[in-house]
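Each protein sequence line maps, in turn, to chains A and B.
The first sequence maps to residues 1 to 325 in my numbering.
The second sequence maps to residues 1 to 325 in my numbering.
Because the hints were derived from the structure by calculation, they are not lab data.
These figures come from a predicted structure and were not determined experimentally.
There could be a bad hint or two in this list.
Every beta carbon over 10 Å from chain A, so not counted as near; a handful from chain B, in silico [said to hold, decoys possible]:
no. : residue
1   : GLY51
2   : ASP71
3   : MET75
4   : GLU119
5   : PRO306
6   : GLN307
Selected chain B positions facing chain A (in silico; Cβ < 7 Å) [as the list claims (entries may be wrong)]:
no. : residue
7   : THR104
8   : LEU218
9   : ASP228
10  : ASP230
11  : LEU234
12  : ARG264
13  : MET310
14  : LYS316
15  : PHE317
We treat Cβ as the ideally placed atom computed from N, Cα and C, and that holds for glycine.
Number of protein chains: 2
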Amino acid sequence: MGTSPEGAANRTYAIIGTGAVGGFYGARLQKAGYTVHFLLNSDCEYVRDRGLVVESPYGDFTLPQVNAYCDVRDMPRCDVVVVALKATRNELLPELLPPVVKETGAVLLLQNGWDAEPEAAKILSSEVEKGLALMGGLAFLCSNKTAPGHIRHVDYSEITIAEYASDYRPCGITEKMLEIKSDFESAGIPMELREDLLEARWQKLVWNIPYNGLSVVLDARTDELMADPDTRYLLEELMREVVAGAAALGRVIPESFMRKMLDRTETMKPYLTSMKLDFDNKRPLEVEAIFGNPLRAATSAGAKLPQIEMLYRQLKFLDSGCNSG
Amino acid sequence: MGTSPEGAANRTYAIIGTGAVGGFYGARLQKAGYTVHFLLNSDCEYVRDRGLVVESPYGDFTLPQVNAYCDVRDMPRCDVVVVALKATRNELLPELLPPVVKETGAVLLLQNGWDAEPEAAKILSSEVEKGLALMGGLAFLCSNKTAPGHIRHVDYSEITIAEYASDYRPCGITEKMLEIKSDFESAGIPMELREDLLEARWQKLVWNIPYNGLSVVLDARTDELMADPDTRYLLEELMREVVAGAAALGRVIPESFMRKMLDRTETMKPYLTSMKLDFDNKRPLEVEAIFGNPLRAATSAGAKLPQIEMLYRQLKFLDSGCNSG
Chain A
1 MGTSPEGAAN RTYAIIGTGA VGGFYGARLQ KAGYTVHFLL NSDCEYVRDR
51 GLVVESPYGD FTLPQVNAYC DVRDMPRCDV VVVALKATRN ELLPELLPPV
101 VKETGAVLLL QNGWDAEPEA AKILSSEVEK GLALMGGLAF LCSNKTAPGH
151 IRHVDYSEIT IAEYASDYRP CGITEKMLEI KSDFESAGIP MELREDLLEA
201 RWQKLVWNIP YNGLSVVLDA RTDELMADPD TRYLLEELMR EVVAGAAALG
251 RVIPESFMRK MLDRTETMKP YLTSMKLDFD NKRPLEVEAI FGNPLRAATS
301 AGAKLPQIEM LYRQLKFLDS GCNSG
Chain B
1 MGTSPEGAAN RTYAIIGTGA VGGFYGARLQ KAGYTVHFLL NSDCEYVRDR
51 GLVVESPYGD FTLPQVNAYC DVRDMPRCDV VVVALKATRN ELLPELLPPV
101 VKETGAVLLL QNGWDAEPEA AKILSSEVEK GLALMGGLAF LCSNKTAPGH
151 IRHVDYSEIT IAEYASDYRP CGITEKMLEI KSDFESAGIP MELREDLLEA
201 RWQKLVWNIP YNGLSVVLDA RTDELMADPD TRYLLEELMR EVVAGAAALG
251 RVIPESFMRK MLDRTETMKP YLTSMKLDFD NKRPLEVEAI FGNPLRAATS
301 AGAKLPQIEM LYRQLKFLDS GCNSG
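Generate the whole structure from the sequences, applying the supplied hints.
Below you can see the structure in the form of structure tokens.
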């Protein structure tokens, strides 16, 4: 399992956004012996006093004591800064990132969607020049926050990461990526390293666009979307449009990958997508991160994605809250 | 206003399906002096005993006594048979039409959508050979049935009619069309005569497809769809696909017609579409009549209508009732 527990103590981690995603991974890292600093928002006082609870098929555990912060300016600079905010909160990045990064370290944007990396590169341009690595991460994870400081992990946990360079040009497997992989795997989290972040992001959209979008618009679980022949057809059509969008940007996603996503969802437990949970809880939807930004990028590269565009606009209408329902 | 009241007595009318549409027009005809026979379903006994009540901006009125039938076999043959069933009930046509038509008369299918005329032509092939005229009609009408025998007419009432010949080939303005127009106009209902039924049906779809479809999927009124920039954009995109579908079948719908539909809806009172009312009342949706049949016809003629197809499949999913909502 990679690094020994002694090695574990070496790298420090900051978790920016301690929800269902950041809370789960940060807790696993701390449990594996790493020093982790958690930035929280509404649950800050609660978690500082009572710690974190994780329910998980990998084993339940409690961390009665965690380093919890309400203000990023109180945090120490960390070797690896994991951003696990919802993409809808990314307007906070200029305020949250500079105080906590190390020039010798790494920032991992563990978020849905797209377009956060160029933003972060701008915010941290001088640090990046001096050696800070910027990475994008894609978590394949079913996890919910059920109460303050209480995370219910349902299934899966793999993370895919890749390093970012300007214009999303592929930049290979770096030493820092290997170190982070080693840390996560010693915490029991499988991690895949990729040479091309843009390709990885578009692959994730193959799942995210059809399932998140249709689950909200049609008020449906993943298993219901799979069982009905019309929505099953739409899922595949939408996946094909994602593949066409990726192709317009020079990234080839094979048919077999689509099949894998369908098969994987077939065998998943009935599941509400993250966007559906956001919608039901009247939280803002990640509609630009998952739909708008990739759609615009692919469209300017010449792709025509009419069904994704329709879903995007349906979601924006629902997200605006201006319907009578 | 055309025919004199004495002339009015000459032609007899059968209304097959006495709901918000058939009930309104039939009651206006009877009030104007025509002999009208109403076929009813659930409200049959009630209306036989108590008649019909119409609330309308054109003037409220009550018909304490109407010719109400629970069984089509009890009805006399009528000069003009107006079919105002929901298109979802058209499997009843083989049973309902033959007993009530006259070979010298006319059948007017006053329904949403598409594909009922070829069906009716098959059912009545021998009568059509002997001179029965088959017509399609499009009602632009906001009207609801609010209680048994009680119709609330909200706005508009125009009807467009055209005669049907096989393969929807245009067949001009006929004598019978002029007679029916004269009858309806003496009952205060404006009627437009058209030479080409297929063109008229596709024009109606320019409104029906975007507004009916999006109102159900997004749980929205017409005014909400018009006010939001994203749904406004989608309405226009969907209209453009309807125009493309019509073009594939050789019918040209000018841009100005789209504008007219948008402007007209802009000034309409906030309105729930008929499909939305059906959906909210858990009635089957006219999804094949309005979406499936035209989509298949246009697609076999070579059109690509991805956004209409998506809306069609979303509606089928919702109509199947298999979502969790």
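Closest C-beta approach of ARG264/B to chain A relative to 7 Å, hint status = violated (21 Å)
query = GLU119/B: least C-beta distance to chain A exceeds 10 Å?
reply = Answer for GLU119/B: holds, closest chain A Cβ roughly 24 Å.
message = Would the non-interface assignment of GLY51/B survive a Cβ cutoff of 10 Å against chain A?
response = Non-interface label on GLY51/B holds, nearest chain A Cβ at 35 Å vs cutoff 10 Å.
inquiry  = The hint names LYS316/B as touching chain A; please verify it with the least Cβ-Cβ distance against 7 Å.
reply    = holds (4 Å)
Proposed interface contact between ASP228/B and chain A, which counts if any beta carbon pair is under 7 Å = holds (5 Å)
key: Interface hint status, ASP230/B versus chain A (Cβ within 7 Å)   = holds (4 Å)
ask   = Does THR104/B meet its interface restraint, that is, does its C-beta lie within less than 7 Å of any C-beta in chain A?
value = At about 45 Å, which exceeds the 7 Å cut-off, the nearest Cβ of chain A leaves the hint on THR104/B violated.
ask   = Taking the closest pair, is the beta carbon of PRO306/B still more than 10 Å from chain A?
value = Answer for PRO306/B: violated, closest chain A Cβ roughly 4 Å.
Minimum Cβ-Cβ distance from ASP71/B to chain A exceeds 10 Å = holds (37 Å)
query = Against chain A, with CB atoms and a cut of 7 Å, does the hint on LEU234/B hold up?
reply = This interface hint holds because 5 Å falls under the 7 Å limit.
task = Determine whether the non-interface label on GLN307/B survives the test: each CB of chain A must be over 10 Å from its CB.
result = violated (5 Å)
key: MET310/B as an interface hint toward chain A, with CB separation required under 7 Å   = Because about 5 Å separates MET310/B from the closest Cβ in chain A, which is inside the 7 Å limit, the hint holds.
Checked against the numbered hints listed earlier, the structure breaks hints 5, 6, 7, 12; every other hint is satisfied.
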